[in-house]
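Chain A is already provided as a structure; the job is to place chains B, C, D and E on it using the hints.
Protein chains in written order, with the numbering used here: chain A, 1 to 343; chain B, 1 to 140; chain C, 1 to 274; chain D, 1 to 649; chain E, 1 to 349.
Hints were generated in silico from the structure; no laboratory data involved. Treat the hints with caution; some may be incorrect.
[What the hints assert, rightly or not] Subject to a maximum C-alpha distance of 30 Å in a straight line, what follows is the list of computed DSS-like cross-link-like pairs (lysine-lysine):
| # | chain 1 | residue 1 | chain 2 | residue 2 |
| --- | --- | --- | --- | --- |
| 1 | A | Lys132 | E | Lys7 |
| 2 | D | Lys108 | B | Lys125 |
| 3 | E | Lys70 | C | Lys68 |
| 4 | A | Lys133 | E | Lys343 |
| 5 | E | Lys339 | A | Lys153 |
| 6 | B | Lys15 | D | Lys507 |
| 7 | E | Lys339 | A | Lys127 |
| 8 | A | Lys127 | E | Lys7 |
| 9 | D | Lys606 | A | Lys19 |
| 10 | A | Lys8 | E | Lys343 |
| 11 | E | Lys269 | C | Lys54 |
| 12 | E | Lys200 | A | Lys132 |
| 13 | A | Lys70 | D | Lys603 |
| 14 | C | Lys12 | E | Lys70 |
| 15 | E | Lys70 | A | Lys132 |
| 16 | A | Lys128 | E | Lys209 |
| 17 | D | Lys60 | C | Lys158 |
| 18 | D | Lys230 | D | Lys507 |
| 19 | E | Lys343 | A | Lys48 |
| 20 | B | Lys15 | D | Lys515 |
| 21 | A | Lys313 | D | Lys507 |
| 22 | B | Lys125 | D | Lys23 |
| 23 | C | Lys218 | A | Lys74 |
Values in this document were obtained by computation on a predicted structure and should not be read as measured data.
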Amino acid sequence: MAKIEDLKEEAKKLLREGKVKYIIGYGAGSNGWLAAPLFIKKPEDVDKLVWDPTCVHNLVRFLVDEKRRKARQKQPDKRPVGIMVKGCDSRAVVVLLQEKFIDRSDVYILGVSCEKMGVVDDAKLAKKLAGKKAKRVEVDAQDRFVVTTEDGKIEMAAEELLAERCLECKANFPVIYDLLSGEKTKRPLDKPFGSLEKIESLSAADRSSFWKEQLDRCIRCYACRSACPMCYCDECVVDSINLAVTADTTADEKAQRIHWIQRSAESSENLVYHLVRAIHLAGRCIDCGECERACPLDIPLRFLNKKLEKEAKELFGYEVGFDPALPALISCFRDEDPQDFIR
Amino acid sequence: MAEDYEPRIVAFLCKWCSSAGSDLAGVSRMEYPPNVVPIQVMCSGSVSPLYIFSAFNKGADGVLVSGCHPGDCHYIKGNYYARRRLNLVKKLLEYVGLETQRFQMSWVSAAEGTKFTQIIKDFVKELKPLGPQTKLRRNP
Amino acid sequence: MELNVYTPQLAKIVQTKDEVVGARAIKTFRTEFANGARFDYRCGQCAMLSVFGKGEAMISISSSPLIKDYLQFSILRTGRVTAALHDMEVGDLIGVRGPYGNGFPMDAWQGKNLVFIGGGIGLAPLWSVVQTALLRKSEFGALSLIYGARTSKDIVFKDELADLKGQMPVHLSIDVAEPDWKEFVGFVPTNVLEKKPSPANTIAITCGPPIMIKFVIKNLKDLKFEDEQIYTTVENKMKCGIGKCGRCNIGFHYVCKDGPVYSWADLKKLPQEY
Amino acid sequence: MKRTGVFICHCGINIAGTVDVKKVAEELAKHPSVVHAEDYVYMCSDPGQNLIEQAIREKKLDGVVVACCSPNLHETTFRNAAKRAGLNSFRCEIANIREQCSWVHKDKPKATQKATKIARSAVEKVRQNESLDALSVPVTRRALVVGGGISGLQAALDIANTGFEVILVERNPSVGGHMIQLSETFPTLDCSQCILTPKMVEVSKHPKIKLMTYSEVQDVSGYVGNFKVKILKKPTYVDPAKCTLCDECTKVCPIVVPNEFDLGLTGRRAIYIPFPQAIPASYTLDDKNCPDPFTTIACGKCADVCNPKAIDFDQKPEIIEAEVGVIIVATGYDLYDKENMAEYGFGKYADVLDGLQFERLCSASGPTMGQILRPSDHKEPKEVVFIQCSGSRDPENHCAYCSKICCMYTAKHAMLYKHHVHDGQAYIFYIDIRSGGKGYEEFVQRAVEEDGVVYLRGKVSKVFEEKGKIMVWGVDTLTGRSIEIAADMVVLAQAMRPSTGAQELAKKLKLALDKDGFLAEAHPKLRPVESVTAGMFLAGAAQAPKDIPEAVAQASGAAAKAVAILSQDRLFHSPTVAKVISNLCTGCGMCVAVCPYDALTLKDGKVEVNEVLCEGCGTCTATCLRSAIQVKNLTQQQVAEMINACLGG
Amino acid sequence: MEKILAKKSFPQWVKKLDSWRVYIPRKDEEGRWNYFEADGGEVSLDVLQTTLPPKKILFPQREVFLEFAKTLAGNRETLEIKEVLPEVKPTVIIGARPCEARAAWMLDEVFGGEFKDVYYWKRRDQTTLVGFACTTPPSENCFCTSVEGSPHSEEGLDLLLTDLGDRYYVQSMTAKGEKLISAAKALFEEPKPEAKKQVKAAHAESEKKIRRQLKDARPIAQKLKGMFDSPLWDEESMSCLRCGICTYLCPSCHCFDIGDEVESPSPLKGQRVRTWDTCQFPDFTMHSSGHNPRPDKASRLRQRLLHKFQYFIQVYDKFMCVGCGRCITLCPVGIDIIKVLDKVRDHGA
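So here's chain A without its partners, still in its complex pose (with noise of 0.2 Å):
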């Protein structure tokens, strides 16, 4: 993993000479192993920034909170936000920067490469440890895991700790920075959609069972979207309710407000919700896997994005998050789009 040391010593200066607002990183958690999001304000705060393995969370979600707060105020600060991205969150960047969502110049962007390692797995650490709870978790010099629990240290390889989009992560340094705080080391990777393969090789009806399982847990809580930088809108089309209402909005169109699905957490709807959370993510998702990491229920929703990922790649060759020129994957064609499927 990069050494933050010159990142840090960038952040002061943004913050000592006021370039940026404030600066969005990762600080200590106070619930186990796992960092937390940090909101730095002052100079002196710096220093609180942490940089390991456990810096799971996509930051950029809080780019959207940064609009909403900006469309709030009547004079609102237009100094950018600093930011840290990882990898996979710079794509997230780039995405937001495609659909105009942000400016380039409202972020001030600290990348830091994980090189070779990546991220954390809280379920596969759970599983290794059985029932212990972590404390700490550190790399040391041979790029293996250190995972300290109460009853002592426990050593483990990386690949036994990463997360799977980590081991299968096109780009695992930022695509997209003001500054870049480590090396564009690339792991090699031979099946970049392998976590697949599990759900893929299944038949139809033991996918549908498979996912009958998963998704009848669902409570609805909306964690997912809510952690998702992608899920931006101010009004999901899967709500019943408006919530984008200003003084404008008619009483018929608040009464003509679709019911595409109900509340209830049912089967049915369950699958509706995720399944159009999926299709309106198609070419839009970058994999940072905050859905199903913030899914209380442990549903794994990645396989669902991952999965029109990889047909995007495959039917369209199209690849999200490196280019903000590029057109989002629905809003483009090719006259040799495959349509095999079409009568």
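Same frame as chain A, now just chains B, C, D and E:
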């Protein structure tokens, strides 16, 4: 499956080609099963994935989207967007275990009454052995 | 059988009247219970109305509890349920449950002058008090009404207000001048300052948009009304109507159950979350 | 909307024979928004329409559904009826229960159930229809005609003769198109140039026609009645006003290139006049070949000998902007590429020609002054093989379609050949003969009977050169005999293709192409001269292979359509266009990217609709992730309810 | 009543409860704990914290209130309303944590009072809660002792089981609890005096094992009254995602929505249902005019904390937090209610 099971199909037909093709089937007095209820849309490009999910959610056993042949779109290129978007929808539905036969897309021109008829016949025939669609359907 | 607090009684719409048409349409409904259910309530209380298939909306009752034949509601077309209500006609069935909330302490006001200050649809909850006060006229001192709306077209109860003028001073206002308007032009709070109701032995009761209430209260204070002399109602989003669903609270008060009527003395102690 | 009326048409027994119309009316009456439902034997009849009008007035209906035949037939009828009764015409919807129900089913209960669903779905739609008024825009009373062949010339003249201005754009130095290259025309054997040149002259002298040759359409924006076009005027380096047509320049020009007019059978200089009767009558210095691409030096000899000093090397390309109300596209055809017909030795053997080359050989103004001679040795060919369907009607290898005119012109060629070479023999290989047309069949008969042309039914399997002869092998499928002809010349009736560059132009004009690359008409039967874009019309072979009379007819048709627009004060446009729900829009621009009409733009982070450009296709709706853009009267809310109605019950 | 139940007899006892619907926590293949209906399979109380508390059994996420349908009799349209009360079968929740039972004891207040919630009480009255004292804290974020609870608290419970190695010490607090014992009398023994001593010691020991602490919860409640407008809420809510995890998974959170679900628009047919809702969703308090009294994350975080630590105390003199720590453990961005309240306590100090 019970012999008298009749699948319920919603067909989104673009106004200029497929709906006209379906009209031609009528004018030519071709016969096909009455399982399909058509919804005329302006262009296959306007068929949102939400329509498809919703139709299945409200109880459709099959959904058909039919538009103009490539290059033939009344709106120049709407069917190309539809082709890309609905391919993703199809892949996604199959991925979550919906039988592949349940969602279909076709190109039917205004002159292809016969083709339209054949597509509906085949669709109904393929859906019958599958029985009612329960996966996306609310309160099946 | 145990009473189910969530089950509405069926009521038939027996009369409708368009008060205001256009984008901010207001319609007045009178309903009668289909099965002769009893419904005793106090001025200022609300009822939860159901349009089956659309949902429920909490609406204040604008008829006087002394009139037992019907319930009257004046409803602004603003969302899914109220839009559906506006589409209903005489003979259609809705659901009614309630009454909910505390209501105005009319008995405590005996012997006092009452000045009603309303804006827009805010006249609806006041109307129940106005009607009741008229029916019990001997119990109160002088009555008067200050009421305003954005335009003359937005004024509700136009005919009733004309009749009311024979029974108490009625001061009307509109926000922006119109050719045929003879009365005050300006906002309601300004009209309050203009008409200068005396605080002596008087209770001021104000209903209307939050911003209007805020300035009415400020102006009443300037006219030397004490906090205890000012009453208002609070509106918040409600679902259950009985203090359980958790959304309409201001501080530890559930507006549906502990409100919606507050004296300014009580209200100002609570968080301003409405 | 609460007060919907539903009217169910029996259409005699067309509907009532398979659909229990009473039952449908009964079922629809149960719908909460339906206050009136009735059936009648012929809704489209006057009494039927009266029923509708009466019900609207008496029951204060705010929506009408007529369940009857396809909306393509009587939508206007019933919308007008609704309008007469004081209802906005967009509050009337058609439920198609004939073409899409009664005519295609036999089981009455099931057809009745389906008809009920279709009608219910229409009720759900109409319930939420907005009252709309047609959008209106002023008209620029000027036409643009693209292409100066016979179709373009005819269209331009027809429009100009009604008094409207026309801009005629032709990319070549002269108008005339392919027709001017022809020698005689079938079936009358008129001299092609003789009948065309008067039209060319008329165009060039017409006060209402602005002729722009050697020019190309670069860009088109706007919408029907109000197009803005950019036309690139390429420099000719010769001032036609000064040029006296003395032809001194060509004599000194050192650069020789193949002559397009003679299809490469002859050469021309870099400074040239395409043909003697060219309009405008002026020389063009072809800057692709001068200066010589190899030496890159302009020798300037032409300027030296030009007495009137008409040559100006400083001319620059010019972009001319113009506003027009309508556009007629008449970009014509080209013949199928030589490279593609290598199997017939085309391009390999000098004496294998295509039809147009043969026309030049026959033409009195041609390279041989009307004598038919072999290009290889200038000898008179004694045996000539004509091959029809060269590249046509061959879906596996070439074009799937029939090029339509080849049967006729091949007969003409064979005939002309016989007229020139009396002792020669003409053979025609054909698949079948398509001679539909006035005097066409007689013409073919004449070729056989009077001129002794030998028709051989079958395909040519091989063409190769042997001892100065072109050997043609084939099979006569009528007799089953193999045929071997040692020919002196082979003429291929090459397939017709859309002209080069037509595809690019179609993109600029946002016109649709059919699968073969010809411009697509709005409706194959009912709107054959209109394009899919309002205000743009098609004429001639750009739309499909056709012969001269057909091209002229279509050109006149297109001109009539164009004039119909130009003679309006204001134009009306369907108001069922996109609308933006602004507070949901995040300004991502995905809809802007998909709009086929550039009707959407981003402004201050929100999308705006140019209602006049929008055609209401709804592709934006399906693209928007937030349902923030909807097509009026076919909103997602409406479709959602329609889906419900289609599945319920 | 106090009894001893041998651990090996525990499964037999569960089997004997066949006239009840029995819920018990179980681990699925992926290692997630949850309450499941006992299906005759293996049962044990070797349980860590379930993701979802047993709240969902007393207060299901979706509950049908009534069914409505329009029917056409002849030409007369009628609207039929049918109340749907929950099916009432006696239910036992075995292995509920004492804190989870305390939450039920709080929900009893909410759903009781002047307007009794029949749907809740239909279930509640039929439900017997068998608690399992936390001799090992089920979560590292447990802090029940800070909010007037304990790993062996009895509020809301009918029976409390305490692990004494090879036996459970069984305390019955109610007649409902005793009924469960009577269902398999033979399996239970009278406790010996030393067992009583053991259980006391175990309980005392269990309190010490609680790792996290919120000091001075009552004074914090007092202090909160003055902190409504503090900038603290904004700072602490910066990382909030506005998801519903903290509240949906909270044993005591009970906010709900009532809405109509239409099955068929024509002829009208549908249900009125109650579903869970949460103060953390922006639409929760939004008026139909678009005005929102709690427009931002700060006001929503404040509402969650004040509801639990101020308002509820003002009305019922109880915290509306049982200290189970779920909101801390499962918050995707590590918002820690203890840390936030620590800041409240230390605010201005």
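How the hints compare with the structure:
no.: 1; hint: Lys132/A / Lys7/E; in the structure: holds, 24 Å
no.: 2; hint: Lys108/D / Lys125/B; in the structure: holds, 20 Å
no.: 3; hint: Lys70/E / Lys68/C; in the structure: holds, 28 Å
no.: 4; hint: Lys133/A / Lys343/E; in the structure: holds, 26 Å
no.: 5; hint: Lys339/E / Lys153/A; in the structure: holds, 27 Å
no.: 6; hint: Lys15/B / Lys507/D; in the structure: holds, 23 Å
no.: 7; hint: Lys339/E / Lys127/A; in the structure: holds, 28 Å
no.: 8; hint: Lys127/A / Lys7/E; in the structure: holds, 27 Å
no.: 9; hint: Lys606/D / Lys19/A; in the structure: holds, 29 Å
no.: 10; hint: Lys8/A / Lys343/E; in the structure: holds, 27 Å
no.: 11; hint: Lys269/E / Lys54/C; in the structure: holds, 11 Å
no.: 12; hint: Lys200/E / Lys132/A; in the structure: holds, 27 Å
no.: 13; hint: Lys70/A / Lys603/D; in the structure: holds, 19 Å
no.: 14; hint: Lys12/C / Lys70/E; in the structure: holds, 14 Å
no.: 15; hint: Lys70/E / Lys132/A; in the structure: violated, 58 Å
no.: 16; hint: Lys128/A / Lys209/E; in the structure: holds, 24 Å
no.: 17; hint: Lys60/D / Lys158/C; in the structure: holds, 26 Å
no.: 18; hint: Lys230/D / Lys507/D; in the structure: holds, 14 Å
no.: 19; hint: Lys343/E / Lys48/A; in the structure: holds, 18 Å
no.: 20; hint: Lys15/B / Lys515/D; in the structure: holds, 19 Å
no.: 21; hint: Lys313/A / Lys507/D; in the structure: holds, 27 Å
no.: 22; hint: Lys125/B / Lys23/D; in the structure: holds, 28 Å
no.: 23; hint: Lys218/C / Lys74/A; in the structure: holds, 25 Å
Violated hints amount to a single one, hint 15; each of the other numbered hints is respected by the structure.
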